[in-house]
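Position chain R relative to chain A; hints supplied.
There are 2 protein chains.
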Amino acid sequence: MKLYSYFRSSAAYRVRIALNLKGIAADYVPVHLVKPEPLPAYRDAVNPQGLVPAIEAGEDGLIAQSLAIIEYLEEKQPEPPLLPSGLAERAYVRSAALLVACDIHPLANLRVLRYLKRELGQEQATIDAWYRHWVEDGLARLEAFVAGSGRSGAFLHGDAPTMADCCLVPQLFNARRLACDLSGFPTLVEIDARCARLEAFQRAHPDVQPDAE
Amino acid sequence: MKLYSYFRSSAAYRVRIALNLKGIAADYVPVHLVKPEPLPAYRDAVNPQGLVPAIEAGEDGLIAQSLAIIEYLEEKQPEPPLLPSGLAERAYVRSAALLVACDIHPLANLRVLRYLKRELGQEQATIDAWYRHWVEDGLARLEAFVAGSGRSGAFLHGDAPTMADCCLVPQLFNARRLACDLSGFPTLVEIDARCARLEAFQRAHPDVQPDAE
Numbered sequence: 001m002k003l004y005s006y007f008r009s010s011a012a013y014r015v016r017i018a019l020n021l022k023g024i025a026a027d028y029v030p031v032h033l034v035k036p037e038p039l040p041a042y043r044d045a046v047n048p049q050g051l052v053p054a055i056e057a058g059e060d061g062l063i064a065q066s067l068a069i070i071e072y073l074e075e076k077q078p079e080p081p082l083l084p085s086g087l088a089e090r091a092y093v094r095s096a097a098l099l100v101a102c103d104i105h106p107l108a109n110l111r112v113l114r115y116l117k118r119e120l121g122q123e124q125a126t127i128d129a130w131y132r133h134w135v136e137d138g139l140a141r142l143e144a145f146v147a148g149s150g151r152s153g154a155f156l157h158g159d160a161p162t163m164a165d166c167c168l169v170p171q172l173f174n175a176r177r178l179a180c181d182l183s184g185f186p187t188l189v190e191i192d193a194r195c196a197r198l199e200a201f202q203r204a205h206p207d208v209q210p211d212a213e
Numbered sequence: 001m002k003l004y005s006y007f008r009s010s011a012a013y014r015v016r017i018a019l020n021l022k023g024i025a026a027d028y029v030p031v032h033l034v035k036p037e038p039l040p041a042y043r044d045a046v047n048p049q050g051l052v053p054a055i056e057a058g059e060d061g062l063i064a065q066s067l068a069i070i071e072y073l074e075e076k077q078p079e080p081p082l083l084p085s086g087l088a089e090r091a092y093v094r095s096a097a098l099l100v101a102c103d104i105h106p107l108a109n110l111r112v113l114r115y116l117k118r119e120l121g122q123e124q125a126t127i128d129a130w131y132r133h134w135v136e137d138g139l140a141r142l143e144a145f146v147a148g149s150g151r152s153g154a155f156l157h158g159d160a161p162t163m164a165d166c167c168l169v170p171q172l173f174n175a176r177r178l179a180c181d182l183s184g185f186p187t188l189v190e191i192d193a194r195c196a197r198l199e200a201f202q203r204a205h206p207d208v209q210p211d212a213e
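For the protein sequence lines, the chains are A and R, in the order given. Numbering-wise (UniProt numbering), the first sequence opens with residue 1 and increments by one. Numbering-wise (UniProt numbering), the second sequence opens with residue 1 and increments by one.
Just chain A, same shape as in the assembly (with noise of 0.2 Å):
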């Protein structure tokens, strides 16, 4: 398996933890984002969507879209779970990753971001404020549904992590590099900080991977 990803990109930071729960080894290929050539070649001759991350999964080829990488391996190897068994459990746990890969990340990333500075001409000041008003916005619903469900523990959903988790942690590290204010979550930052001691989450980390800056 091949994992096409950006040391940075919170999407693929997602993806690398998934693969890391269940075990399965993927040779790193890095597309940068920032250099103005990776991504038009990497869209012409790999991933017609265009972004990363994406993976080269043998007979099932190429698969793009975090949250759709993450549902396949768990078809593909149930084994540790990244969704609970039950209906509601499974509804619980894709609410909370999606609250973070539609309402948070998507107005956080590089590309919107650098759309306000060109194409609009906003200065730093104001793209960070767009920044922390919708990741501080989103967080504040991530961190009122889980605290009201009744379904967290360790981790967002019971004492095991799941496909949530793959979410929050690059989206909490994000938060962090722009400095937004994380006091009113107390129960993501909790969770976050048990994910940083497994593993798991600390060889995904942006910081350890070979593209790292």
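Note that these hints are calculated values from the structure, not bench results. Do not rely on the hints blindly, as some may be mistaken.
What the hints assert, rightly or not - List time: in silico DMTMM-like cross-link candidates among lysine to aspartate or glutamate, alpha-carbon distance up to 25 Å:
#: 1; chain 1: A; residue 1: Lys117; chain 2: A; residue 2: Glu199
#: 2; chain 1: R; residue 1: Lys117; chain 2: A; residue 2: Glu119
#: 3; chain 1: R; residue 1: Lys22; chain 2: A; residue 2: Asp211
#: 4; chain 1: R; residue 1: Lys76; chain 2: A; residue 2: Glu89
#: 5; chain 1: R; residue 1: Lys22; chain 2: A; residue 2: Glu119
Predicted model only: the values in this text are computed from it and were never measured.
Frame of chain A, contents of chain R only:
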């Protein structure tokens, strides 16, 4: 079952299609997204994530996030399927759905356009250009992904509608409302037209919802 919806919400529209395709009846509960009062009350009393859609699914409780709802419906009532059976095919369908749900829609929804207007003081023409930029960019990726996949047929996957078509049709409805140029996406436009002939899609259309204006 109850469906919390807003007639014009693209994400709620996805779930309305899925419910109709499955033949599952749901009581329609409108949540007005434009007036100032309903959303905070809904967030406090019903859904801590604070967005539509959500379903109230009997003993399985409240489920938020359109794609988590559709996955839940698929697991609860597998027929007719909204995901194909093969692992690679399932990944393809989820990947197309997530491209819409993560890479297009979040940048073009009401709360984001409002922030551009109110907090960043942007002119309507700039906001329209923002909308069209992200929607047309994302649809170009989706067109290339689908057309190059060898997996599309009458619908995005083969000859029966899936979760991916549930996402495509609302996105194209919205794109037309804001006068996006769809001429570069012949595969998507053709599939959308085919969906529009099915009663399940017709009954989910914004114009025929109880809260349509």
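Right, here's what the structure says about each hint:
Distance restraint check for lysine 117/A and glutamate 199/A: the Cα-Cα separation of roughly 37 Å exceeds the 25 Å cut-off, and the hinted pair is therefore not satisfied. The suggested pairing of lysine 117/R with glutamate 119/A holds, with an alpha-carbon distance near 15 Å, which does not exceed 25 Å. Straight-line distance between C-alpha atoms of lysine 22/R and aspartate 211/A comes to about 46 Å, which puts the hinted pair past the 25 Å bound. A distance of roughly 13 Å separates the Cα atoms of lysine 76/R and glutamate 89/A; the hinted pair therefore holds under the 25 Å criterion.
A hinted pair counts as satisfied when its Cα atoms are at most 25 Å apart, and lysine 22/R with glutamate 119/A does not qualify at roughly 43 Å.
Hint compliance for this structure: hints 1, 3 and 5 are not met, and every other hint is.
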